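As a plain string of letters, each chain reads:
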Amino acid sequence: MIKVIGVLVASAVVYKLDYPTVKKSKSNRDKFVYWIFFLFVVGIMILYVLEVPFPNPTEWIKQVYKPVGEPYKQLVERIVNQ
Amino acid sequence: MLHQEKISVRQFTILVFMYTLGTSVIYLPSLVASYGKENGWISVLGSSLIGFGVVFILNKIAQLDEKKHLFELLEFIFGKWIGRIISVLILMFVIYLLATNLRQIGDFITTQVMVQTPIYVIMIIFILVSLFAVKLGLEVIGRTSEIFFPYALFSLILLIVLVAPQADFSNIQPLFRENIAGAFLAVFPASEVPYFQLFVFLAIFPSVNKPDKAKKGFYIGVALGSFILFIITFMALMVLGPDFTARNQYPTYILGKKISIAEFIERIEILVAIAWFFSIFFKLTINFYALSLGVSYLLKLKSVQTLTTPIAFFVVILGIILFPNIIYFMDFSQFYWPFFAITFGLFIPLLMLLIGMIKKRKQGNGSQTPS
Amino acid sequence: MKHNFSYLLNKWRQKKKKSAAVNNIPSDQTTLEKKLQDTVHSVRSSLGESSDFVVRNFKVGNNQTIKAALLYMDGLADKSFIQNFIMETLMVDTELEEISGKDISNDSGQSTSVSVSGKQGDFFKQFKDRIVANSEVSEINSYESLFQYLLAGDSILLLDGYVKGFAIGSKGYESRGVQEPSSQTVVRGPKDGFSEVLRTNTSLIRRRIKDPNLWVENKVIGKKTNTDVAICYINGVVNEKVVQEVKQRLDKVDIDAILESGYIEETIQDETFTPFPTIYNTERPDTICAGLLEGRVAIMVDGTPFVLLVPALFVHFFQSSEDYYQRSDVGTLVRLLRYLCFFLALLTPASYIALTTFHQEMIPTQLLVSLAAQREGVPFPAYVEALLMEITFEILREAGTRMPRAVGNAISIVGALVLGQAAVEAGIVSSAMVIVVSLTAISSFVSPTFNMAISVRILRFGFMTLAAMFGLVGIILGLIVMVLHLTSLRSFGIPYLAPMGPFIPSDQKDALVRMPFWNLRNRPKLINQTDLEREDTPSPKPPSTKQ
Chain P
13 MIKVIGVLVA
23 SAVVYKLDYP
33 TVKKSKSNRD
43 KFVYWIFFLF
53 VVGIMILYVL
63 EVPFPNPTEW
73 IKQVYKPVGE
83 PYKQLVERIV
93 NQ
Chain D
18 MLHQEKISVR
28 QFTILVFMYT
38 LGTSVIYLPS
48 LVASYGKENG
58 WISVLGSSLI
68 GFGVVFILNK
78 IAQLDEKKHL
88 FELLEFIFGK
98 WIGRIISVLI
108 LMFVIYLLAT
118 NLRQIGDFIT
128 TQVMVQTPIY
138 VIMIIFILVS
148 LFAVKLGLEV
158 IGRTSEIFFP
168 YALFSLILLI
178 VLVAPQADFS
188 NIQPLFRENI
198 AGAFLAVFPA
208 SEVPYFQLFV
218 FLAIFPSVNK
228 PDKAKKGFYI
238 GVALGSFILF
248 IITFMALMVL
258 GPDFTARNQY
268 PTYILGKKIS
278 IAEFIERIEI
288 LVAIAWFFSI
298 FFKLTINFYA
308 LSLGVSYLLK
318 LKSVQTLTTP
328 IAFFVVILGI
338 ILFPNIIYFM
348 DFSQFYWPFF
358 AITFGLFIPL
368 LMLLIGMIKK
378 RKQGNGSQTP
388 S
Chain E
3 MKHNFSYLLN
13 KWRQKKKKSA
23 AVNNIPSDQT
33 TLEKKLQDTV
43 HSVRSSLGES
53 SDFVVRNFKV
63 GNNQTIKAAL
73 LYMDGLADKS
83 FIQNFIMETL
93 MVDTELEEIS
103 GKDISNDSGQ
113 STSVSVSGKQ
123 GDFFKQFKDR
133 IVANSEVSEI
143 NSYESLFQYL
153 LAGDSILLLD
163 GYVKGFAIGS
173 KGYESRGVQE
183 PSSQTVVRGP
193 KDGFSEVLRT
203 NTSLIRRRIK
213 DPNLWVENKV
223 IGKKTNTDVA
233 ICYINGVVNE
243 KVVQEVKQRL
253 DKVDIDAILE
263 SGYIEETIQD
273 ETFTPFPTIY
283 NTERPDTICA
293 GLLEGRVAIM
303 VDGTPFVLLV
313 PALFVHFFQS
323 SEDYYQRSDV
333 GTLVRLLRYL
343 CFFLALLTPA
353 SYIALTTFHQ
363 EMIPTQLLVS
373 LAAQREGVPF
383 PAYVEALLME
393 ITFEILREAG
403 TRMPRAVGNA
413 ISIVGALVLG
423 QAAVEAGIVS
433 SAMVIVVSLT
443 AISSFVSPTF
453 NMAISVRILR
463 FGFMTLAAMF
473 GLVGIILGLI
483 VMVLHLTSLR
493 SFGIPYLAPM
503 GPFIPSDQKD
513 ALVRMPFWNL
523 RNRPKLINQT
533 DLEREDTPSP
543 KPPSTKQ
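Residue numbers (our numbering), protein chains in the order written: chain P, 13 to 94; chain D, 18 to 388; chain E, 3 to 549.
Keep in mind that the hints were calculated from the coordinates and are not lab data.
All of these numbers come straight from a predicted model, not from anything done at the bench.
Ideal Cβ placement from N, Cα and C applies to all residues, glycine included.
No false leads were mixed into what you were given.
In silico lysine-lysine, DSS-like type, Cα no more than 25 Å apart, as pairs:
1) D/K152 <-> P/K36
2) D/K152 <-> P/K38
3) D/K317 <-> P/K36
4) E/K127 <-> E/K173
5) P/K43 <-> D/K152
6) E/K243 <-> D/K23
7) E/K81 <-> E/K166
8) P/K35 <-> D/K23
9) D/K152 <-> P/K35
10) P/K28 <-> D/K319
11) E/K527 <-> E/K249
12) D/K152 <-> D/K319
13) E/K69 <-> E/K36
14) D/K230 <-> E/K527
15) P/K28 <-> D/K152
16) D/K227 <-> E/K527
17) E/K527 <-> D/K23
18) P/K38 <-> D/K23
19) E/K226 <-> E/K173
20) E/K130 <-> E/K81
Label-pair distances were calculated between CB atoms; the ranges are:
21) E/V409 <-> D/I174: 51 to 57 Å
22) E/S508 <-> D/P182: 36 to 42 Å
23) D/V138 <-> P/L62: 17 to 23 Å
24) D/F247 <-> E/S508: 30 to 36 Å
25) P/E82 <-> D/I197: 21 to 27 Å
26) D/V138 <-> E/K226: 50 to 56 Å
27) D/L367 <-> E/L342: 47 to 53 Å
28) E/L369 <-> D/P182: 20 to 26 Å
29) D/M374 <-> P/K38: 36 to 42 Å
30) E/S508 <-> D/M374: 36 to 42 Å
Start from the sequences and build out the full structure, keeping to the hints where you can.
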C-alpha cells in the first residue's frame, strides 16, 4: 500500500511540474489526451508496484516471427558451432 | 505545424553519427566475433555496405516530398487508413526500441559500473535526461550534439590510439580461411543495429534547413559512424582476441580497461563508457522525439511535447517487463530481433519507396495529361 | 475677450484641481503660476520644505523692474557656476533698457491684458536669446518639467508675470571621478573605469570611438527615481533587431526604482529561471567599446559604474579585454586555461566524491592507499565531508567580501589556520579534501566575470549531490542536462552557446581561442549579421634579411 501511495505522490509531483507545459499549448485536445495518457501510465505503474504480472510483448513478437526465427536459430547454431 | 524547428545539416550529420554509434559501439564486436571469430570484422564491413543501401533508400523516400515527415509520408503513400495502421506499427517498433535501449544502458550500468544501484533508478534518470531534451525541442538537441560531438569522437579515437600498442596481429589470423560463412551470416544481425533503425531519421528529415545537403550529411554520418565501428571491432579482435571478445558482453568497455598510460593512469574504461553514454543518449533522444512526433501527429495534437512525460514513464515500465533476464534478452536479440528490425528498417521503406514512386509517376502523368 | 475668458476658465480649473490635491501639491501637468511668489511657494510646498532647496529672489534690469527668482537644489547644482555665469550676468552685466518698459507691461503681477500675453513669446525669446548667457537653456512651462530639471541639478529661472520659465543647465555634483575599476583588473591595458555619472561614462566611450555612428539614446526609467538609462550602439554595425528588442524590453519595464544596472538586467533578460548570466556587465570602458565594435548594444544606467552589454554569449564570460592586449598565442592559452578552470571549479569536488565512493579502481594504487590512510579517522562519508568544506569556504568568501577592511587579517587567520589545518589535525576532514576545496576555490577565482563564477558555485553543489548518488554517471548526466539547458538559452535572440552550438566555423577564431588580429577579419556572424568586415590588415611579413 505504501508503494501505491508513493507512486501516487510521485505522479502528483510530476503532474504539478509537467502540466503547465501542456497547458501552454492552449489546446483542449492536448489537455484531454494528456490526462488520459497520464492516468493510463499511473495505472500501469500502480499495477507494476503491486506486482501484477504483465503480458510480455516480446513473446508476441516471438510468436509473429517464429516461422523465420526458429530455422534461422538452427542455421546459426549449425554454422557457428561447427 | 509539428516540425517548425530547424536544424542545420551539420547537426543532422552529427545526430546520424551518434545514432549509428548508439548502442552498437559497445555490443557489435562481441556479436560479430561470436559468429565470424577472427574474421568478424568482415561482417562489420558488409553491414556498413547494407547501411549505405538503407541510406540510399531513405534518401529516395525523403525525395518524394521533402516537406513531409515519416508519418505524413506514410499517409501520403499508403492512403489515410493503411498509412495510419503502418504508422501505429512503426510507433510500436520505436517504443520497443526505446525501451530496449533504455534497458541495455540500465543493464550495462548495473552490471559494470554501479552494481548496487537498482536498474529502474538508472533507467529513470536516463529517460528523464532524454525527456528534458525532447521537451526543449529538436533545435536544442541538434546544438547539444555539436557540443558533445568532439568529446565522443575524440575519446573513441583516443581509445583506439592508446590500445593500439597492445594489438596483436596474430589474433585475426588466418585471414579469410575459417569461419567465413559465420562472418557473412553475421552481416544480417550486425546491420539491424543501427542501420535498420535509421528510418526514424525520416521523422526529422524535413526539419533540416537544406534538404539536398542533408542527403549527403546522411551518408557522411553513417560513413563516419561505420568507420569508428569498424576500427573498434578490429581493435577489439586484435587486442582481446576473438574468443575473449565473443565471450564478453561489452568488449569495448573491456578494451578501455586495457589502457595504461605510464603505468600510472590505468582502468580509465569509464571514459569510454562516457563516450557511449553520449551516443546512447542521442539515440534515446532521437527515438523519443520520433515517437512523440508520431504520437502527436496521429492524435492530431498541437505540440510534439504534450505526451512526452507519460510516454517516458511508460517506457521505463516497458523496459523492465520486456526482458525477464539477460539470457532471454540475448536469445531474443540474436534470433528474433533482426527479423523484427528488418521488417521496419528495410521492407517497409522499400514498400514506401516502391508505392511512392508509382504514385508519384501516376500523379505526374495525371498532371501532364490535362495540360 | 475670448482669450481672457479661456484664461480665467483655466485658472479656475487649476484652482479647483489644486484645492482637491492634498497639501496643495500641484499635479504634474499644471502650468506654472502667473505670479512668481505663488509658483515658488507651490514648488517649496511640493518639496516639503526640503532643506536643500534654494530660492534666490532678485530683480533684473537697470531699472530693477523685473522680479525674478532662481531655484536650484543645493548639492546637485554647481554653486560657483550659478554665481559666476547666471547671477552675475543677470544682475550685474545685463542692461535691459531695450526691452524693459516696452514689452514688460508691469511688475505688479496682474498682467491680464490680451496684448501682453501675445507679446510674452517675443520677450521670452529675446530674454533667452540675449540675456541668459548659458549653453544649455530650455523653456519650461509645467511643474512636471520644472521638477524634472530641478531635481536633475539644473537651475530654474522664473520671471514674475509669466507662466513660463527657463531651465539652465548647471549640473555639478560630487562624484567619484574616473578611477581604476576594482573588478576585472588587468596587468596591461587602460586603467580607467566607469563611474557613477552617466555623462562621464558616455564620454569615456566616445573618447575611444570617434565615429558619428556611435549613437546614444536616452530613456528615463523608474517612476520614483527617474533614472537616466542610455542605450549605446554603433549604427550600421549593430544588429538592428537586437536594438529594437532592447528598446522594446526597456519600454516594458515598469518599476518604481532603478538603483543599479542589476535592476535592468533582471527585468529585461531572456530567461529568468537559469543560473547562467545572459547579460554581461563590466566597469571597463575598453571592454564595452570592444563589445560595441562587435556589434553589441551597451546599456548604461546613471548611478552605477556597471554597464550592461547585450547580447552576451557563454564565451564572452571567459574573455578578458587583456586577451587582446597580449600577443594572440598568450591570449589563447590563457583563455583555454579559463575554460579548464571553469570545469575544475565545477567538477573537482564532484569527481573526488565519485572516484572515492564509486570508482576507486580508477585511482592509481599508491594514491588510493594514501587517500584511504588519510580518510581512516574521518567520521563522515566523502559527500558530507565535501559539503562541509565547501559551505565553510563559501562562508569565508562571503565574509571576506562584506567585512570591514580592518578585520581582513583575522578572517584569513581563522580561515587558513583554524578551519584548514586544525580541521585536518582534528580528523574532521582529510587533507586531500582540503586540497580539493582549495583547488576549486582558486579555479573559481580565475573567471574574469564574477557572475559566471557565481553560477559555477551554485551548480557545483548540484554536481556534488549527483556524484554522491550516481557517481560519474550522475556527473555525465548532469553535464548533459547543463549543456541542454545552456543550448536552450538565448540572449536577445542569439543562441547562448554560439559559436559552438550552433557551430559557426568563421566565428571560432575568437571564441575558445584568439587568433591574431590580422586573422580576425570579420565580426561575429550571428551577433552582427550586417556589417561583417572588420579589417583587412595583411599578415605581418618582416622584410627578408637577404639583400
